[in-house]
Amino acid sequence: MVEPQAEVMQAPQMAQTPQIFIAPSNLPPPKSLIFDDNLATTWESWKKSWTRYEIATGVQKQEGIVRVSTLLSVIGEDGVKAYDTFTWGEDENQNDVDIVLKKFDEYCSPRTQIIYERYRFNNRNQAPGENIATYLTELRTIARNCAHDSITPDEILRDRLVLGIRDDHVRERLLRLNDLTITEGSRHYQSRGTNTAASQAHEHRRRFCKYAKENTTRRRRYRK
26 MVEPQAEVMQ
36 APQMAQTPQI
46 FIAPSNLPPP
56 KSLIFDDNLA
66 TTWESWKKSW
76 TRYEIATGVQ
86 KQEGIVRVST
96 LLSVIGEDGV
106 KAYDTFTWGE
116 DENQNDVDIV
126 LKKFDEYCSP
136 RTQIIYERYR
146 FNNRNQAPGE
156 NIATYLTELR
166 TIARNCAHDS
176 ITPDEILRDR
186 LVLGIRDDHV
196 RERLLRLNDL
206 TITEGSRHYQ
216 SRGTNTAASQ
226 AHEHRRRFCK
236 YAKENTTRRR
246 RYRK
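If you use our numbering, the sequence shown corresponds to residues 26 to 249, in order.
Hints in this document: simulated from the structure, not taken from any laboratory. Because the structure is a prediction, the values reported are computed rather than measured. For glycine and all other residues, C-beta sits at the position ideal for the given N, C-alpha and C. Do not rely on the hints blindly, as some may be mistaken.
Here are the in silico distance ranges between beta carbons for each label pair [stated by the list, open to error]:
#: 1; residue 1: Lys106; residue 2: Leu202; range: 27 to 35 Å
#: 2; residue 1: Ser134; residue 2: Leu97; range: 28 to 36 Å
#: 3; residue 1: Asn150; residue 2: Asp116; range: 25 to 33 Å
#: 4; residue 1: Leu188; residue 2: Asp121; range: 24 to 32 Å
#: 5; residue 1: Ser94; residue 2: Ser70; range: 21 to 29 Å
#: 6; residue 1: Asn63; residue 2: Ile190; range: 18 to 26 Å
Cut-off 30 Å, straight-line C-alpha distance, at most; resulting in silico cross-link-like pairs (DSSO-like, lysine-lysine) [to be verified]:
#: 7; residue 1: Lys56; residue 2: Lys86
#: 8; residue 1: Lys128; residue 2: Lys73
#: 9; residue 1: Lys72; residue 2: Lys127
Construct the complete structure from the given sequences, taking the supplied hints into account.
This is the structure in structure tokens:
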């Protein structure tokens, strides 16, 4: 007689607990990204620091949502505020760190204002106490965005016009125009001069009328 085989009891399988990634504490994250006047260069430097940090800590091997969350945790308040303004297309995954970095590229590095960068370069003098090595490094950093390799004679004249004019209001306006030509620059300056002369003439007329009115009033009082 064949005895029935004893039923083998299997231990219930435990649900796998998701692994929590903890970055090594001895590797400090990049310093917070500060939105300064030279944001394009500052962002490129910060992004390099972030890439090194990702590799060194192993964050780069984690899921996209972990990488994005880590980036937003270390980028600082300015960066998070910028992130909150991003708009996302249907095919843009917010948990893809490469797409997030591309969004920051577009935000921090818009089309370079060549005129403004050349103005900064030409106006950058050595600061008191600044050694020559640091000064040259700063000049090289600014020069990266100046497109000096393709500069034309007309652009040289235009850049010198922007640098040398006395009217700060006109200069500020010209520095916003990336495709400015020497002809347009001259026209803007002449237009400002015409408007200034007209304003001065109007002010002279206003003062003269006020003086004439006051003088007439005084004569009438004297006659009484």
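Hint check:
Checking the proposed 27 to 35 Å range against Lys106 and Leu202 shows it holds: the Cβ atoms sit about 28 Å from each other. Distance hint check: the CB atoms of Ser134 and Leu97 are about 19 Å apart, inconsistent with the given range 28 to 36 Å. The hinted window of 25 to 33 Å between Asn150 and Asp116 is violated, with their beta carbons roughly 48 Å apart. Separated by about 43 Å at the C-beta atoms, Leu188 and Asp121 break the suggested range of 24 to 32 Å.
Take Ser94 and Ser70: their Cβ atoms lie about 22 Å apart, and the range 21 to 29 Å holds. Separation of Asn63 from Ile190 is about 23 Å and conforms to the stated range, judged on CB atoms against 18 to 26 Å. With a C-alpha separation of about 22 Å, the suggested pair Lys56 and Lys86 falls inside the 30 Å cut-off, and the hint holds. Taking the CA atoms of Lys128 and Lys73, the gap is about 16 Å. The hint holds against a cut of 30 Å.
This hinted pair checks out: Lys72 and Lys127 have alpha carbons roughly 11 Å apart, not beyond 30 Å.
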